[in-house]
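Given the coordinates of chain A, assemble chains B and C onto it according to the supplied hints.
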Amino acid sequence: MRYLPHTQEDITAMLQVTGNKSLEDLFSGIPESCRMTNDWQLPEPKTEWELNDHMQAIAQTMKVDQNFKVLIGAGSYHHHIPETVKALMSRSEFLTAYTPYQPEMAQGTLQGIFEYQTLTARLLGMDVVNASMYDGASALAEALLMGLRIGKKKTKVAVSAAIHPHYRATAAAYLCPTEFELIELPYLEDGRTDLSGLSDLEDVAAVALQSPNFFGVIEDLTGAGQVIHDQQALFITCFSEPLAYGLLKKPGDCGADIVCGEGQSFGLSRSFGGPGLGMFGCKQPFTRNLPGRLVGETTDLDGKRGYVLTLATREQHIRREKATSNICSNQGICAMTAGMYMASLGGTGLRELSRLNYDKTQYLKNALVARGARLFFEAPTFNEFVVEFPQDFQPAHQRLLEQNIVAGLELGGLYPKLKGRYLFGITETTSRQDMDKVADEVQS
Amino acid sequence: MKNRVGTSGLILDEPLLWEKGKKGRKGMSIPHSDVPSSPLDEELIGAPVDFPDLSEVDVVRHYTRLSQWNFGVDSGMYPLGSCTMKYNPKINEKQAATPQFAAAHPMLDDQYSQGVLQIMYELQNHLADITGLDAVSLQPAAGAHGELTGMLIFNAYHQGHHSKRTKILIPDTAHGTNPASAALCGYRSIPVKSNENGMLDASDVSELMDEETAGIMITNPNTLGLFEGQVRQIAEIVHAKGGLVYGDGANMNAVLGVADMKKCGVDVLHLNLHKTFSTPHGGGGPGAGPVCVTKELEPFLPVPRAYKDGDLYRLELDRKESIGRVHGFHGNFGVLVRAYSYILSMGAEGLLRASQLAVLNANYIREQLKDVFHLPYPQPCMHECVFSDQLQKDYKVTTLDMAKRLIDYGFHPPTIYFPLIVHGAIMIEPTETECKEDIDQFIATMKEIAREAREEPDKVRNAPQLSKVRRLDEVHAARCPCLIGTCTPPEQ
Amino acid sequence: MKELNELNIPEDLGYTEDHEWAQQTGETIKIGVSDYAQDQLGDIVFAELPAVGDTFNKGDEFGTLESVKAVSELYIPMSGEIVAINEELDDAPELVNEDPYKNWMIEIKPSATEEYDQLLSASAYMDLLKG
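Going down the list, the protein sequences come from chains A, B and C. 394 is the number that the working numbering gives to position 394 of the first sequence; each next residue is one higher, with no gaps. Numbers in the working numbering are just positions in the second sequence, counted from 1, shifted up by 1000. Numbers in the working numbering are just positions in the third sequence, counted from 1, shifted up by 2000.
Hints were generated in silico from the structure; no laboratory data involved. Warning: the hint list may mix true and false statements.
[As the list claims (entries may be wrong)] Under the rule of at most 20 Å between Cα atoms (straight-line distance), these lysine to aspartate or glutamate pairs were calculated in the EDC-like manner: (1) LYS152/A x GLU179/A; (2) LYS86/A x GLU1093/B; (3) LYS2002/C x ASP1394/B; (4) LYS365/A x ASP1034/B.
Bound conformation, chain A alone (with noise of 0.2 Å):
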């Protein structure tokens, strides 16, 4: 086997010196009664060739491929990644390096998560955000809890309906051994969270929104924020769609106290769900509350300027049972491919591409519409909205297969009351062609 370097001469060597008289010998400490005895069902190895054949068999069984064009966001999201981003995240000094436990070896790593969460912070109107988070649903999670914490008496936390269903379904995994209650809030017939209920609640540590949220409406958060200050709860928002901030109100200048979500927007391809990153940020009196890594700025013996990670007393390797979350293992490469991606774009890029994907949206908005489709929602929404056909799409929605789009995703499955109406995702990679396509099937 190529990865193992033991020639029959080292190994002989080798046990020569512990001692040993076979490779067996060395697990003489493990009882008979716990040995492994099955024979395991695994192919024979295979070499690079014949793994890459047998890949590509697999590959070609499906049926929607890369030469699809999926209308379709609900939390992944097609959008360009440029070559120099692939090529540099490839980067085997990023690639194969552990968590930057020893800065001196780690400035790489270091300075690009720090400037990770610099652009992050900047992005979302935070003053904190750490190194990332799994995913944006065990970030909202996380964010529940850290409000929680937070809280310190308070027993309930509220959530949006109008979050990703899996959003919400991850977070009620992580409460429910708990005492805590979590809350939905419904969502108003233009698409919005209704927070009128919120009033009659008490003991409300932390109140969650997404915008824009699910169905691609954007929320009011300023006036959300308001409304949810008042009753004395934090105010978390999430979102799947980070490039959405590129033309949208920053959620810290809405009054937002934690802000967390997916950030496979940002360089990643969609990948079947993962790797994305949870990206997770807080206001600066909330600091010591956050869970995650963070990496701080210092300097070295010679004064010269470096990165170290920091305010490592919250987590589990120091602070054990009382630490702010379990985690260890983040997203670390992914959160450096964001901040690649962050950095080709630039604002000046940011705004151009974020505009670009709400006019794209718009576009198709207006030409469903203008052939008898109904916006289900009213509200006004970023490069997701949800539309109801005035006859069954699914027949339509086979056609539109057989020409290689995938057009929508079916609300009955998540939202049962949602049956028959389409939730779309546009983004830059959608062309004019293809959104003509859909609207002309809708006619006929």
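Coordinates of chains B and C only, in the frame set by chain A:
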């Protein structure tokens, strides 16, 4: 020392991103608009985001220079104990980037995504085989995430048995993630002391285990690199009181094909694909922490999971007793592809051989350094060995100093000051992919550092000297946290 | 780290086994940590203290001291209500390293003054450190 790997070379400095660039530059291609501009309520529009504008060359040079300040497994030996820094095969990267997999959207009907589901299904089966357990969820995104999933399963299981349990047994050699994961489920950790041989005694567990205790979390081999020989008896004691056994599989690289986790009495086990199954650590992640369970606990596993229905691969979306979701989609799928690719490349024989050589390498180092560094638990080890700085105390040279001195010699330092039960611990895990010559060089270097500690201690205390930066002021970093780049103007 | 004979353990204070000290100043008690505690912890980077008005029972955790890689819980030597905290430590936690006695942490109004007499004397505390 002759022929040392560590040497000085030209290092290029590089400012922070926002200290370079110029407004109006662009580092990537943005499509031309083929649609009219649409109005948007001014109220909703935010102020422009303050990102620096850089050209493509600016970005490429920036990150290339940063990468040159880093050390990875591809740079050299990285004997970081507990982290299994083995070689990350290049072919695995190629498989994960397969266009069909990279473009797979996670919300489509099963029939459109057969390939990715097949990989999940087969990987679930392979991991069940390899651990000896019955059912697998690939959803957890890292080891600690797997631990949390395991604790949620403990909780669901006990609730299903109408049994209120508030405590969990955790050995004093455990990783900090264990008590932190258990705490998320409301379990209070009860520490179990290891005996004078660094292992658990069934009699200690027997004394602590009661019907208010949910179970025990055991890392096996443990963090001293020793196989817990009484694990079966311990499991029987825990099971007899209605408890469950959690296996922290962080150290599975030591026992592939040798130990059967089900026979060890383990009910739930997580694997770290980024350790045992060769996927890259990426400077902190992503990892993957699949959870393997017995038949009895299968109903509680997170959904969705892949299964086979005739010729079709499908996702099981709903199961009544499932703990639900722990991830937005299917975990770190790209990492799963890499591990799948590794398993197929190695085969059963290769995996067994990997463990044998990992254990051989560790014992070879232990044997050669045991007279130079204090070895608190002198018996043969599994995949890692733990020394301490006790013999260097008289020269006022610490573990930290010696770790930093290794940097000058071109090695990544081992894990230090862990496990906590060894004062000044130096935890060395060479892994199987290091060849004898490199290990000999490492051993010679460690001996040289021990000599320096004795004869030229200042050299060790002032290390490293050859790295881009010298020791950093962590006290200042924590006292006056500067976590985003606005607090100090760049120095000229 | 300091040798035992290098430690400064003032005579006029009461001590706990958890290395806090208490000093009677009229109606109130000032509380801090001993020279031994600050020396063991090393460079202190953060002090987390309670709010004025909080009440504690003897032995309750009232805050934490953090160094870069360790956290030390603080346990109150006497029951009572917090009447003042040393706000200087917010910006300069290192003052505790410089002089752990001048730089107290909290001031309480004791609810059971007799608890003071149960504290260790300087010599008893020194004996404890000697083991």
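Comparing the hints with the structure gives:
1. LYS152/A x GLU179/A: 13 Å, holds
2. LYS86/A x GLU1093/B: 12 Å, holds
3. LYS2002/C x ASP1394/B: Since the Cα atoms of LYS2002/C and ASP1394/B sit roughly 15 Å apart, the hinted pair holds (cutoff 20 Å).
4. LYS365/A x ASP1034/B: Distance of about 15 Å is within 20 Å: holds.
The structure shown violates none of the earlier numbered hints.
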